[in-house]
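Engineer: Start from the sequences and build out the full structure, keeping to the hints where you can.
In the order they appear, the protein sequences are chains F and A. End of the first sequence = 395 in numbering that gives the first Met the number 0, gap-free, step of one. End of the second sequence = 129 in numbering that gives the first Met the number 0, gap-free, step of one.
In case anyone wonders, no lab produced these hints; they're calculated from the structure. Here the structure is a predicted model, which means the values were calculated and not measured. We treat Cβ as the ideally placed atom computed from N, Cα and C, and that holds for glycine. Be aware that a few hints might be false.
To be verified - A few chain A residues that don't get close to chain F, going by computed Cβ distances all over 12 Å:
1) Asn93
2) Lys118
3) Met125
Said to hold, decoys possible - Only pairs whose alpha carbons sit at most 27 Å apart, straight line, appear in this in silico DSS-like list of lysine-lysine:
4) Lys334(F) - Lys55(A)
5) Lys225(F) - Lys60(A)
6) Lys55(A) - Lys228(F)
7) Lys60(A) - Lys216(F)
8) Lys225(F) - Lys48(A)
9) Lys228(F) - Lys118(A)
10) Lys210(F) - Lys325(F)
11) Lys334(F) - Lys211(F)
12) Lys60(A) - Lys228(F)
13) Lys40(F) - Lys360(F)
14) Lys216(F) - Lys325(F)
15) Lys123(A) - Lys225(F)
16) Lys109(A) - Lys225(F)
17) Lys109(A) - Lys334(F)
18) Lys225(F) - Lys57(A)
19) Lys325(F) - Lys48(A)
Stated by the list, open to error - One side of the interface only, derived from the structure: several residues of chain A facing chain F at Cβ under 8 Å:
20) Leu22
21) Gly37
22) Ile112
23) Phe119
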Amino acid sequence: MELISQVFQGIWESSGLVGIEWQNLVMLGVAGIFLVLAIFKKFEPLLLVPIAFGMILANLPGANMMLDTTGGLLGDLSGAAAIEGAHWFDSGVLRILYVGVKSSIFPCLIFMGVGAMTDFGPLLSNPVSLILGAAAQLGIYFAFIVAILLGFEPQEAASIAIIGGADGPTAIFTASKLAAHLLAPIALAAYSYMALIPIIQPPIMRVLTTKKEREVKMTQLRKVSKTEKIIFPVVVLIVVALILPSAAPLLGMLMLGNLFKECGVTDRLSDTAQNGLMNSITILLGVCVGATANGIDFLKWETIKIVILGLTAFVFSTVGGVLIGKILYLVTGGKINPLIGAAGVSAVPMAARVAQNEGRKYNPTNFLLMHAMGPNVAGVIGSAVAAGFMLKMFQN
Amino acid sequence: MQLLGVFENIYGEGAIMDFGQTLLISLVGFGIVFLVLGFLAIFVYGMGKVFDIIGKKKEAKEAEAAPAQASATPAATGSPLPANQSIGDLTLINTTEEEAAVIMAITSSKSGIPLNRLKFNTIKLMEDKK
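Structural biologist: Spelled out as structure tokens, the structure:
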């Protein structure tokens, strides 16, 4: 009888039920909300489901999915000492996978997949899209100023500010280089706001534009040749990487993926980059990012500040894009619909779809999607350039 | 590049930035994004113009070549051929008319050229039927 009692006592003491803290319970609740948003509301399900599941895994005490036996070599920043006699492969499964995030391999590979899925045709047929893509990086610099004023260190402020680029992989890439301890809240804020673009952007677009501007019907885009599409990724990479070498890993992968798609002789590679590879890395990246959100480290006042700053960055990026759109509307004599400026935040293609939907509300015959795709993909280049600048400034 | 060199790594870990420095970094950063993307916009615009000119020249050449080609075909000299009829006389060697019709239809479909603009001289079976 005593033996049975001891067995049950041992099971109880080693169970997660003993070690669970209120912070873990809160994070399990947040993960539940993310799952509801992803599954029932269809908010970025491909990202939110793995992130939410990673959060669940990280908040189960005793599972040790994120245990780092090396004393920090695998990215654990809690300061825990190395476990004597243990190898790196004795670490938690997700901790080992997390090396892909920490080393920026996952964000770069995601960018390759994004490149293979991106059609730069709308941008090439309307080069002014690049100006709108640049303008929509306003939120990054505005949030950077506010973050510094709130007391964040320059590296932290730069990492938080990149959330305004509305580009998850870029935010993760920058944070992992400049402020790895903030990776979880930054990644979660970036992806959550990307999912919430259809809610965040429309009110700002309506406030900043008149009905007449929103009704503008844009003329048909010129046809872009295949050769132009092949030259573009190569030239963009060379130009940007020469000016900002720190942007080369992200842009290099983006443009490599795009060249696979456009050159016409690497269909198998393009197919792998945009399907098999992209899906595999999305799973790994999502779960690992979610797994960094351990309630005990995550639930801090600092996290709330990051969430608010991220939203500020998003709002001001939208404002920047729409305002330059309004200027272009005036300069071109009403040929450009300012709504497409909002698509300059990079969240592809969600932001372009929002511009399309808003445009159709005021002119049902309007079809802005392809016009908005130009600033949208320009925003991806713009946020990579902004990230490259921040790395150049603050990476030690 | 020199401008970037001025700022490079001057704000290390633990550095305290005042509002002026923060504003300056932000303005330079935003300016660089505009500069790089503006340069790319000019490049894309220029490349588009060059390719438009090349495309127009190509179209003009094709337009010039088309009437000459048309005048060389018998169809152009008289009334146009029906869409399901090819140009000229066709010799069939060890091939039935049905087989020839299938081959001609497939060639037209795969090449995207209407049958009345294709000329078949001979359709010959390469091996004896067994």
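Engineer: Which numbered hints turn out to be false for this structure?
Structural biologist: Hints 7, 9, 15, 17, 22, 23 are the ones this structure does not satisfy, whereas the remaining hints hold.
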